[in-house]
Amino acid sequence: MVQSIFWYLKEFLRAPWIHAFLFAKTAPLVTPSYFREYPSLTEKECTHCFTCRMICPAPGAIEVLQEGGTWHPVIHRGHCLRCGLCVEACPEGVLASGRILQWQEEDRTSFAATFHIQVDHATCMRCGNCCVSCPVNKEQDPQMASGGHSANNEVIMKISSGRHTVIHEERCVGCRTCEGACPNSAIRVARVVEGLQGVAEG
Amino acid sequence: MKRVVDVSIPLGPVHPCWKEPARVKCETRGEKVLSAEVELGYMKKGIERIMRGRPWQEVMFLAERVCGICSVIHNMVFIEGMEAVSGITVPDRAAYLRVVMNELDRIQSHLLANFSYCYTIEHETLAMYLLNTRERAMDCMERIAGVRVNKAYMIPGGVRFDLRDTDRALLLADLAHLEDSVHRYGRMFDTGPLIATRSKGVGILMQEQARIARAVGPTARASGIAEDVRLTHPTYRKLAFTPIVRTEGDNHARIMLRFDEIFQSLGLIRQCLHDLPAGPIRGGGTCGAGETVSRGEAPRGELSYFIRSDEYGRILDIAIRTPSIPNIDACTHHMLPGVTSLADVTSVFVSADPCIACNER
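Chains as they are written, first to last, in the numbering used here: chain A, 1 to 202; chain B, 1 to 361.
These are computed hints drawn from the structure, not numbers from a lab.
Since the model is a prediction, treat every value here as computed from it, not as a measurement.
Any given hint could be a false lead.
Rough simulated footprint, nothing fancy, chain B against chain A, three-plus residues with beta-carbon under 8 Å [as the list claims (entries may be wrong)]:
id : stretch
1  : 28 to 37
2  : 83 to 89
3  : 95 to 104
4  : 186 to 194
Listed next, with one range per pair, are the computed distances between beta-carbon atoms [claimed, not checked]:
id : chain 1 : residue 1 : chain 2 : residue 2 : range
5  : B       : D167      : A       : A27       : 18 to 24 Å
6  : A       : Y38       : B       : N132      : 24 to 30 Å
7  : A       : V30       : B       : H183      : 27 to 33 Å
8  : A       : P183      : B       : T242      : 40 to 46 Å
9  : B       : E37       : A       : E106      : 52 to 58 Å
10 : A       : A151      : B       : G87       : 41 to 47 Å
11 : A       : T26       : B       : D6        : 45 to 51 Å
Where a beta carbon is used, it is the ideal one built from N, C-alpha and C, also for glycine.
So that you can see chain A by itself, here it is in the shape it has in the complex:
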């Protein structure tokens, strides 16, 4: 009994023990620099190519908006999964997250994508909402009004002779705006993405 009291006294009256008891402190929580955070904007200029929207797996997580004459991507934090695919896919390096951009430059990794527009003519109502909402159509033919009719043959798709017609599938950027605009979910854009390494971008 007395022995054990002495043992405990000897154990606890050591300077390191008292110091640890009084000044014990948990290491502060630090987010490491390599953590894949929500994508942040770098200083580089966005060319509104919509590649980030094309590759984003989460609905409504990223938008490319024009404000004061310049385009820039906007990340909606409640929807973003922090997967970092937009950072990897952006050809201009507009977005940054963790070490992804740095690694991408070192390893020369990239994503390449092709797009295929599929319209189900049984459910398509020829309303033209897809053609009007398409941002590429808007650049080619700013005059395109509701109904999706156009005299311009440089657009991706239009309503021609009462039928939805895809003219330039290769111009599609895969942003899926048309899918959201279609009231019947009749239009679908297949995005065939492949991960590459050592191939020059562009």
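Fit chain B to the known structure of chain A by using the hints.
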């Protein structure tokens, strides 16, 4: 046959020992459990339905979110299925890096499983030690992929990020630290007299019973069945993988088997890092149409994905079979009946490491 049942005792769905909601109904006479039944369905997500019509870059993230604890293997099995469908080959370096990531995930999953067992038998000190050790495994994965849980590391034709030499050195140092800690805590578990009274001879699953219930993973291997899907995986075959088997079939064997598998995983990672060939990490290749069944060894056992895709690589049909389904069956129909104390029901159930999130998708 008419049976005298004292009372049917429900445990759960909200229970301090369960990580996820499930209800175990035990028919008891006195303290003895006569039979048990598990009710599931408290967290159905419908992920397979959401996956349909989507390309790999979206389904990959959904597959990971089937289960947060074993997210890497879900990603791996799905991506390997898409590669098999489309005839994509993976560069050697990427194949090795996949194994590194998968084994790191297995380590953290086994540590979490052993944590919950120790927590269930109220050995909270050892439980917290194990949970603390798990953080180091999580940090290793964060250094490679950038995040701790849903890594999204593998893509068709390779992996997303390469392993840097500096990170590799740090990883090896972490592995040494992990090995020390797991060795210490594994020995604590193995030699603890009170742990032994709660674990040895409790919840016995005989080999024949395991076969009848088609138990998989550590639950089957602790009952003497040498089954592991990694035996058929090409990269693991290169690494000369052989499964660890124990024959006792009780709670103690299942937990010790997981400790042993952690050492095995550490060995596999070291071997991968040693043999890691130089070269590209992505081989390219687009996904196409086809139908396949892809299998892989999750931390809890065999995981399989049935995949049917269209010409642009979009999922037409997908069915996921997770390892916890047969393991829960083995637990309720073979381990729980005959348990001599109701206090052991929770520990027996947790020792089979049921993952309800996997189960209900």
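May I ask you to test the hint 24 to 30 Å on the CB atoms belonging to A/Y38 and B/N132?
About 28 Å separates the Cβ atoms of A/Y38 and B/N132, which means 24 to 30 Å holds.
With a cut-off of 8 Å between beta carbons, are at least three residues of the stretch 95 to 104 of chain A near chain B?
holds (count 5)
Coverage assertion for the stretch 186 to 194 of chain A with respect to chain B, Cβ distance below 8 Å, three residues required:
holds (count 6)
For the range 45 to 51 Å, tell me whether the beta carbons of A/T26 and B/D6 fit it or not.
Given range 45 to 51 Å: holds, Cβ gap about 48 Å.
Taking the Cβ atom of A/A151 and the Cβ atom of B/G87, is their distance within the range 41 to 47 Å?
The hinted range 41 to 47 Å holds for A/A151 and B/G87, with Cβ atoms some 45 Å apart.
Does the Cβ distance between B/E37 and A/E106 fall inside 52 to 58 Å?
56 Å, holds
Within 8 Å of chain B's CB atoms, at least three CB atoms from the stretch 83 to 89 of chain A: coverage verdict:
holds (count 4)
Can you tell me if the stretch 28 to 37 of chain A counts as covered by chain B, using C-beta to C-beta distances under 8 Å and a minimum of three residues?
Answer holds; 4 residues pass the 8 Å Cβ test.
Outcome of range test on Cβ distance (B/D167, A/A27; 18 to 24 Å):
Holds, at about 21 Å.
With 27 to 33 Å as the target window, see if A/V30 and B/H183 comply at their CB atoms.
Given about 29 Å between the Cβ atoms, the range holds.
Just tell me: holds or violated, for the beta carbon distance of A/P183 and B/T242 against 40 to 46 Å?
Since A/P183 and B/T242 have Cβ atoms about 59 Å apart, the given range 40 to 46 Å is violated.
Checked against the numbered hints given earlier, this structure breaks only hint 8.
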